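Chain order of the listed sequences is A and B. For the first sequence, this note's numbering gives the first residue as 279, with consecutive numbering after it. For the second sequence, this note's numbering gives the first residue as 279, with consecutive numbering after it.
Worth flagging that the hints you see were computed from the coordinates, not collected in a lab. Quick caveat: nothing in here was measured; it's all calculated off a predicted structure. Just so it is clear, CB atoms sit at the ideal spot from N, CA and C, and this is done for glycine as well. You may find that some hints are simply not true.
For the chain A half of the interface with chain B, some residues (derived, Cβ under 7 Å), not all of them [stated by the list, open to error]:
1) F361
2) I397
3) A526
4) S664
5) A665
Protein chains: 2
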Amino acid sequence: MSVTAPRGFRAAGVAAGLKASGAADIALVVNDGPDAGVAGVFTANRVKAAPVLWTQQVVRGGVVRAVVLNSGGANACTGPAGFSDTHATAEHTAAALTASSPRRLLGAGEVAVCSTGLIGERLPMPKLLPGVRTAIRGLARDGGAAAAEAIMTTDTRPKTTVANGSGWTVGGMAKGAGMLAPAMATMLCVLTTDAVAGPDTLDAALRAATRVTFDRIDSDGCMSTNDTVLLLASGASGIGPTEAELTAVVTAACHDLAQQLIADAEGATKQIAIDVVGAASEDDAVEVGRSVARNNLVKTALFGNDPNWGRILAAVGTTSAAFEPDGLDVAVNGIWVCRAGAAAEDRSKVDLAGRDVTIRIDLHAGDAAATIWTNDLSHAYVHENSAYST
Amino acid sequence: MSVTAPRGFRAAGVAAGLKASGAADIALVVNDGPDAGVAGVFTANRVKAAPVLWTQQVVRGGVVRAVVLNSGGANACTGPAGFSDTHATAEHTAAALTASSPRRLLGAGEVAVCSTGLIGERLPMPKLLPGVRTAIRGLARDGGAAAAEAIMTTDTRPKTTVANGSGWTVGGMAKGAGMLAPAMATMLCVLTTDAVAGPDTLDAALRAATRVTFDRIDSDGCMSTNDTVLLLASGASGIGPTEAELTAVVTAACHDLAQQLIADAEGATKQIAIDVVGAASEDDAVEVGRSVARNNLVKTALFGNDPNWGRILAAVGTTSAAFEPDGLDVAVNGIWVCRAGAAAEDRSKVDLAGRDVTIRIDLHAGDAAATIWTNDLSHAYVHENSAYST
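For reference, chain A alone in the conformation it holds in the complex (with noise of 0.2 Å):
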């Protein structure tokens, strides 16, 4: 049910023309009310792309009642022109959905603007305006599934999750199969609540719930110029839960959008659980788990069901975090093949033919864990990161 399983919302995914595929690539998300809360979390990349750019604006207004959503081009290191782009899309989205129902007056900066797709190409308006209003007159009630399939790129299959509160729901669609790292991936994610909450409960929930999961899923060590993940709030159910109760919920549905992602992630045959333990500090543990997990010779190594921790070791070296190098342990796949610095148990009882892997680190310098997601470096990352564009 996505983004339309919370009450208050309607959601369309419709096909424009931006993809040569001819595949869905306009997705639209309306909150219909009462209220219009929003949070955003961002991209850090200092090259943001058009919509970003734009979209922090609007959620700063802190009243979001569409979201637009195109895949088939990033429209990002499009300079003004392609800023001017995003605002038209805004504004045409605005005017379009006030004249279909024109008891609610709508305001172009009251609509947020996600895109994905190849940076550095404009985008074909021509196309792109005639598929939202072709989105807002397919806008439903259960039109959620139609818009995650919309914002697909290299995604296989979409990616939907539904979380439940005490008479409240949050939905979400999210989209990203590379360029995954802090923060954070290449991905777009519309989180959508019925919950009543303000401004500051939705936006401390977000910022916590990404901080341990899309924050912690690395693919491989590159960071989009488009990342966006934006909490919408209708306040349809009447219901206002605690902060903490918004949280767990909120956290609930990003872990699971999180493991798709990574599960999806371009041409890799593992899904890698990077356990860091008895580190002095989270941060150090964050630190050393995404050490690991960018390191291309330990997910090359792993690609190869080899589990070579001597790879792991010189990942861990090259971090900040406190430890000393003859006290670390390795279990790979509850094999501890690293004891004190050195080999221990024989690395052929190591069972690597399954997808899951887990990986445990622990630094013997504290009580503080963190877990890091990953994926392998495949053939077919390098085969289909190599035919991108062309």
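Got chain A; can you put chain B on it based on the hints?
Same frame as chain A, but now just chain B:
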């Protein structure tokens, strides 16, 4: 001529059975003096192999008369037992060299040890020690080529260099094909010179040279546990160059070897120079160049002959260098595909058919510049590194 080009050095390379293939796997370089000066630069990885820990101590002592190097095993992550193996290798080499030429007493503390190969396994000492004795019997004034062969791992060819001063010479050999990243690459390098130079001059020259050569190649972003660069000075020419003269010639030798390393990087089909200009500082230029060099999406695009400049901008955007996103220019092989952060010349004009690629990034933030050298990410890299230890 490699390390035996300068006067005062002998070398050998022999097969001791460390490599299953039966190829040469032990190299020995002996400095016959009259001087025995040394400088060294080592991996910044905190997980350091036993031979690195040993050789750092030896170099601190200021006198090195012999370097024994083995391929077929890195002796990294092998604990106290691995350190004992390195110590025993140095003791054995010193004793056997003294026995072979009793007029010069040689202590273990004057013997540097370098190892390369798989991390996490003990070296087969019953093969290694007899190999050292065989190498001593084979020491020759023209043994540089054989020594360079014996340190190869996944290298497809030996790397040697000779650079001339006025009446004195620098020779060198290096190995390394993957796990190439600063500081430093997975590399071993022995440089020799017959110049007369004190320890401070040797150290200054070597640090200045590696800073702009080995520290600016980045094959796969992975930092090794074993990287070692040694500069040995025999003084046999009787000529004492200035520090600037020595630095220039050592830099030329290091540059030549660094380019050979990148040219032979595992599975590479492209040799890529990333010229960053208009930077506010050299550090900024290096940070930007390295970020692009480590971006898997840029590297796979180039493997696919795709001038995907948007991925280059996305990589630049992850740095903390001074620049304005809408002030970035990027050229690929001379075609300015991006001006002011947006598309400029048609990307179809870029000719990527050849092996050499130059990416030029103008940050428009100052007058500093730096070049980082890297290679593409290919199917062959994935293949080679998914099947290395098994």
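Is the hint on F361/A kept, meaning its closest Cβ partner in chain B is under 7 Å away? F361/A check fails; min Cβ-Cβ to chain B is 10 Å, beyond 7 Å.
Is the interface hint for A526/A satisfied, with its Cβ closer than 7 Å to some Cβ of chain B? 31 Å, violated
With a cut-off of 7 Å on the beta carbons, see whether A665/A makes it to chain B. This interface hint holds because 5 Å falls under the 7 Å limit.
For the hint on I397/A, just tell me whether its beta-carbon gets within less than 7 Å of chain B. Interface hint status for I397/A: holds (3 Å vs cutoff 7 Å).
Less than 7 Å between beta-carbons is the criterion; does S664/A satisfy it with respect to chain B? At about 3 Å, which falls below the 7 Å cut-off, the nearest Cβ of chain B leaves the hint on S664/A intact, so it holds.
Going through the hint list in order, the structure does not satisfy hints 1, 3.
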